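Colleague: Sequence:
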Amino acid sequence: MKKLLSVFLALTLVFALCGGALAAESETGDIVVLYTNDVHCAIDGDFGYSNLAAYEDKMAAEGNYVTLVDAGDAIQGAAYGTMSEGADIIGIMNAVGYDVATLGNHEFDYKVPRILELADMLECGYISANFIDLADGESVFPAYKLLSYGDVQVAYVGISTPDTYTKTTPAYFQDENGNYIYSFGNEDLVDYVQAAIDEAVAAGADYVIAVGHLGIDPESAPYRSTDVIPQLSGLDAFIDGHSHSVIASDIVKDKDGEDVILTSTGTGFQNFGKLTIDVETGDVTSTLINSEDFDGTDEEIDAYLAELFAKYELIFSEVVAESSIDLTGYDEDGNRLVRIKETNIGDLCADAYRIIGGADIGLVNGGGIRADIAAGDISRQDIINVHPFGNKLCVVEATGQQILNALEMAVSALPSESGGFLHVSGLSFTVDPSVENPVEVDEYGNFVKVEGERRVSDVKVGDEAIDPEGTYTVASHNYMLKDGGDGFNMFRGDKVIVDETMADNEVLTSYIVDELDGVIPESYAEPQGRITILEAEEEDGNPYTDVSEGQWFYADVLAAYENGLMSGVSATEFAPDTDMSRAMLVTMLYRLEGEPAVEGEVSATFTDCADGQWYSDAVLWASSNKVVNGRSETTFDPNATMTRQEMATILYNYSIYKGAEAVTEPELSFSDADAIASWAEAAVAYCAENGLMGGVSETEFAPAGSASRAMGATVLMRIFNASSAEEAA
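Residue numbers (my numbering): 1160 to 1888.
Calculated from the structure, these hints are not laboratory results.
In this text, all values refer to a predicted model and were calculated from it rather than measured experimentally.
Do not rely on the hints blindly, as some may be mistaken.
[Said to hold, decoys possible] In the PhoX-like style, the derived pairs of lysine-lysine whose C-alpha atoms are separated by at most 20 Å in a straight line are: (1) 1654 x 1551; (2) 1785 x 1817; (3) 1270 x 1551.
[Said to hold, decoys possible] Ranges between beta-carbon positions, derived for each pair: (4) 1451 x 1830: 40 to 48 Å; (5) 1817 x 1484: 48 to 56 Å; (6) 1694 x 1462: 52 to 60 Å; (7) 1628 x 1465: 58 to 66 Å; (8) 1762 x 1468: 31 to 39 Å; (9) 1616 x 1658: 28 to 36 Å; (10) 1762 x 1652: 51 to 59 Å.
Cβ coordinates follow ideal geometry from the N, Cα and C atoms, glycine included.
With the sequences and hints as input, model every part of the structure.
Modeller: What follows is the structure, given as structure tokens:
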């Protein structure tokens, strides 16, 4: 697919379809694709659409064809989207001049009829190969868009995540009888996408770029971009969204062993992306652009945004209450604590539902709490930012058994995060994460049953033990109680006492203003002890509740901890299944080396690495000693998820640094050896031969699979033990 472009490309300059920028005359102009994903209505930050528009003009002025692409989750996530049900964000995208857009799960938060309206408003429309109307088996939107750049054609294939069922609301895709009338492909996802690729190539596409909203998070398997790419043929690049991952440029092998660039910008305009097709060589490359790389702005977009801000200023700026304390659901690094444990803002929100709803129990999902509230004045915008989705207050009558099942569903992902983690009011319970998750779900992620020992115990309503046969009133929102959001379908069909009255942000406002007299008191300063997550007994020096004897990584995790080479994500959690980042691995190797002194500042080498961070010296040491390279000449991507072949490459580079001989003729016996990138072949061969890394099975290496923290602990201890043995000898 990497074809040498015609020299006439630079001489024939045309408008790309749907508003693409006109390139200036040049003999060296390239095809430049600028892309965003998971913006989530972040329109009032220091870096955003105005910068993107200015950079688009810059690229066009330099003689390039320029196309703007969005990979989903643009229209929901903050007050500006909520107030207009997405229309104001669509207006911004039109003003900037997007050419291609696909649907993220949050594009459906205003329901299917609304996204159909918004699609008509969006001048370039939406594409999605796998959002299917089951009435006729056809895709609701075009599967792909073919744009012409002189004599060259590029197809953009849209892909939407099957996570949308539960991460929006299952009922949105069902009829009144609960039968699904829309599908996201599920087990046929790859077939839908491959059919779109084949059709685009038959229509004349010289390049095919996937614009997907799949992500790389473990909870999205088996529909992650890293799962799907190896099953496809014909892709040149995959612009991804959904997991908020920062990936400047990774390589994943497709079904035919060809390289496919995988890239994603993060979230909220941390970056925007730049994918370039070189007109002379036909090479495809990608990189990320942030505020340190470019600070130009577009006057027209600035004026457009200023007018929008003025429209909402009086509404948003109105002070409705005040707080004596900080209410937090996120830590300093942006980790979503509301999705893994009780927080003070979660307690406040759950209380609001229970008390305003007049119910026995209040429930609120962590994924529905999107912002903190700082001490001081609280504006209406602050409240909307906490609850931007507009879900409506409902109260149902539920049995104690249904509530018990809901609590099991809520903690089923622990210690990993889940948007369905429940904050509670009028209720308390204990969780033992060392118990294997007993919850079974269906292919759509909906609750089926609990099979085996339960994680949740000591459940009390008020001061009384819950009665499984008893009946209780439960207050939450329609997303969960009526529509089965996050897979909580156990309440569907229950008797509804209060049916979709005030919106979620109105519930919170009413509670603070009317019930708390406009001031959030000191009693909310800390979580109130409603959810007790048991810590594992620290036997043999084990501080981690999620690491227990019998697990394959148990000994290595404890050894890495005891030798000071790895620490947990908290005092009691190691998160063994969490993906490792690039910064994590080089920090581990740096500790293994005894943390030698370094000279200089890492920020001078990599613009996306700040000085004084936990990884700063490690990254500087690793790059200085050629243990690791940047993702580009100026960026490192410290928080980017690392693939297994990338881990092997860093371990191989470290071994060379320690004196190992380079592999000149790699021999690979894995059945998926063709999927291993050429730059990683020597590394994988070395790691396999020297026992540093094996396959995920006896025959498969899974080069594009994610490298977990448990894997990191294991390979680290193999290196440590081998080094110790050499010293002893």
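Colleague: A separate judgement is required for each hint: does it hold in the structure or not?
Modeller: A quick look at each hint next to the structure:
Restraint check: the Cα-Cα separation between residue 1654 and residue 1551 comes to about 16 Å, which is no more than 20 Å; the hinted pair holds. Note on residue 1785 and residue 1817: the hinted pairing holds, with a Cα-Cα distance of about 11 Å set against a maximum of 20 Å. As the CA atoms of residue 1270 and residue 1551 are separated by approximately 13 Å, the hinted pair is consistent with the 20 Å bound. Distance hint for residue 1451 and residue 1830: a CB-CB separation of about 43 Å, consistent with the stated range 40 to 48 Å.
Separated by about 51 Å at the C-beta atoms, residue 1817 and residue 1484 satisfy the suggested range of 48 to 56 Å. The supplied range of 52 to 60 Å is met by residue 1694 and residue 1462, whose beta-carbon atoms lie about 55 Å from each other. Residue 1628 and residue 1465 have their C-beta atoms about 60 Å apart, which keeps the hinted 58 to 66 Å range intact. At roughly 32 Å, the beta-carbon separation of residue 1762 and residue 1468 lies within the given 31 to 39 Å, and the hint holds.
Taken as a hint, the range 28 to 36 Å holds for the pair residue 1616 and residue 1658, whose Cβ atoms sit roughly 33 Å apart. Between residue 1762 and residue 1652 the CB atoms are about 57 Å apart, so this pair conforms to the stated range of 51 to 59 Å.
The structure shown violates none of the earlier numbered hints.
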